[in-house]
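Chemist: One-letter residues, chain by chain:
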Amino acid sequence: MALMLDRVTLDLRGRRVLTDVSAAFATGRITVILGPNGAGKTSLLRAAAGLIAPSAGKIAIDGRAIAAMSRAELARTIGYLPQSGDVAWNMPARDVVALGRLPHRASAADDIAAELAAMAATDTEQFAERRVGELSGGERARVLLARVLAGEPQWLLADEPLASLDPAHQLDLLDRLRGQAARGVGVVVVLHDLVQAARVADEIVMLRDGRVFASGPPAEVLTQQHLRDAFGVDILLVADAQGRMLPVAAGRIESA
Amino acid sequence: MNRALRLGLLALITAALFALSLMAGKQWIPLDAWFGHDPRWAIIAELRIPRAVLGVLLGAALGLSGAVLQGYLRNPLADPTVIGVSSCAALGAVASIVLGFGAGWLGQFGWAMAGAGGAMALLAMLTARAETPVVFVLAGTVLASLAGALTAFLISIAPNPYAIAEAIDWLMGALTDRGPDDVMMAAPFIGAGVLLMLFTGPALDALALGEDTARSLGANLGRLRWQVVIGTGLAVGAGVAVTGVVGFVGLVVPHLLRPVFGAKPSALLVPSALGGAALTLAADSLCRLAPGAGEVRLGVAMALIGAPFFLGLLFREGARQWR
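As given, the protein sequences belong to chains A and B, one line each in that order.
With our numbering applied, the first sequence corresponds to residues 15 to 270, in that order.
With our numbering applied, the second sequence corresponds to residues 168 to 490, in that order.
What the hints contain is simulated information worked out from the structure, not anything from laboratory work.
Hints are not guaranteed to be accurate.
[Stated by the list, open to error] Pairs of lysine to any residue, SDA-like flavour, derived with a Cα cap of 25 Å: (1) A:K72 to A:T33; (2) B:K431 to A:S150; (3) A:K72 to B:G389; (4) B:K431 to B:L481.
Produce the complete structure using the sequences and hints provided.
Modeler: Structure below.
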């Protein structure tokens with residue numbers, strides 16, 4: 015199955031943020047959206063989640079426009095994890111995870127089973143009764159991921175889930191996203207960290223100025239030339255133990 | 168103790184306070200007067216039952232509105248006064264008293280409801296294009312200030328001192344001398360408003376994670392805004408229209424109940440309606456039991472009961488509830 019963006023153009027408050035963007039997100043794979051600040055990564059993710067309507071173009075799941083789907087059906091199909099991890103009320107982690115079940119009209123037993131499975135997949139059972147305000151950043155990120163997983167979505171769209179996590183928690187979260195992809199979920203994730211993007215991505219969509227600048231497998235997209243042109247920095251490609259080329263920003267390019 | 172048990176206990180406390188409200192007054196009427204042909208039954212039937220019923224309606228409207236607004240605005244400081252509906256209803260009522268529009272209670276009620284309706288319409292228009300709580304609070308606060316200024320202006324141009332006294336007396340809010348007519352006028356509006364608000368639970372829960380997440384969970388935020396504006400407007404507007412301005416309940420009751428029922432907005436709706444009714448009944452009974460020839464004002468009694476509870480809660484819980 016595929017979540018497709020077909021020549022999507024998007025205006026926000028009179029400003030064009032995406033122009034003619036086409037992309038396909040497949041189930042069972044991790045697609046990373048990369049690009050400098052202001053390139054339109056978050057807008058692309060929000061449009062794909064059906065949160066903002068494009069001014070032109072079509073967003074569809076297997077040919078069916080998401081605009082034609084009901085709120086509840088779309089909510090059951092696509093899980094959205096925003097960058098802000100704010101929770102307005104200091105609820106127990108268990109209650110936050112349970113919010114993921116809101117779009118479902120399932121039996122209480124099904125709801126509880128899905129919540130427990132989501133908490134098991136994120137190792138959050140042990141602090142189910144603790145309030146979110148008392149959790150560390152890493153624990154809270156896992157609880158918020160569990161909230162999305164509890165909804166059992168076919169696609170998981172996450173906006174910079176690694177922000178404010180230390181390296182160990184970053185790797186842990188990416189492993190969990192990989193686990194979801196292995197179970198058949200289509201994972202689309204906005205990242206800033208080029209190294210993590212190179213490690214985790216099956217596909218990369220690189221944006222610049224609201225347009226798709228490059229897309230494809232990491233080896234094709236993460237070239238020195240592409241990164242130089244998109245980000246304006248000199249990049250070193252360093253091979254890791256598995257022979258993957260990891261891009262490291264080495265210095266800014268002085269514009270002529 | 169599970170939720171049903173806690174809710175049952177709260178309902179029991181509210182029922183006990185309802186009974187106390189029928190007994191308490193300058194004339195204490197014990198329970199045994201309810202049976203047989205006690206002449207004091209007339210006091211209960213004609214004065215105290217309507218007054219207690221009105222207390223329940225007003226308290227439920229204010230408590231539930233407070234819980235809904237705090238959930239909707241994701242702000243523990245929110246209460247019905249921030250949306251300006253109370254002040255605009257008060258403006259309508261004062262205009263009818265001072266300018267002599269509409270004779271008697273029905274005219275005053277109509278004018279107060281018109282004030283509340285105007286505030287709701289204006290608020291809905293101002294916030295229709297911006298789905299952020301900040302605009303809602305700002306618009307409501309400005310509306311409340313404007314209505315307050317206009318009310319003061321009307322009082323200052325009042326034709327005679329009796330009108331001034333009546334307007335100021337009304338503004339202070341009370342359940343004193345309210346009869347079955349007041350209950351009949353306010354009940355349908357408060358009932359409709361409460362019903363609208365009781366269905367906001369799931370959307371308010373989703374909103375705890377922010378607007379984008381709420382919509383990604385299928386919440387219809389446009390409909391929620393209408394439910395909040397119309398629901399609080401009808402309930403609070405009708406309450407203010409028959410009792411005058413009564414503050415405090417909407418702000419304090421959800422905070423008092425969060426440690427008992429949890430912080431999830433939907434879990435607070437029914438308890439806040441019950442808790443608001445209980446606090447109002449307790450305060451109104453206290454009004455009548457206080458020594459002296461006159462009655463203590465409802466708003467004053469409310470603060471005397473509610474504030475120590477609230478400060479005690481702050482002392483015990485610290486910032487735990489809100490962090």
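Chemist: All hints are to be evaluated individually against the structure, with a verdict given for each.
Modeler: Verification of the supplied hints:
1. The suggested pairing of K72 (chain A) with T33 (chain A) holds, with an alpha-carbon distance near 12 Å, which does not exceed 25 Å.
2. Of the supplied pair hints, the one linking K431 (chain B) and S150 (chain A) holds, its CA atoms being roughly 21 Å apart against a limit of 25 Å.
3. As the CA atoms of K72 (chain A) and G389 (chain B) are separated by approximately 24 Å, the hinted pair is consistent with the 25 Å bound.
4. Pair hint K431 (chain B) plus L481 (chain B) holds up; C-alpha atoms about 19 Å apart against a cutoff of 25 Å.
Of the numbered hints listed earlier, not one is contradicted by the structure.
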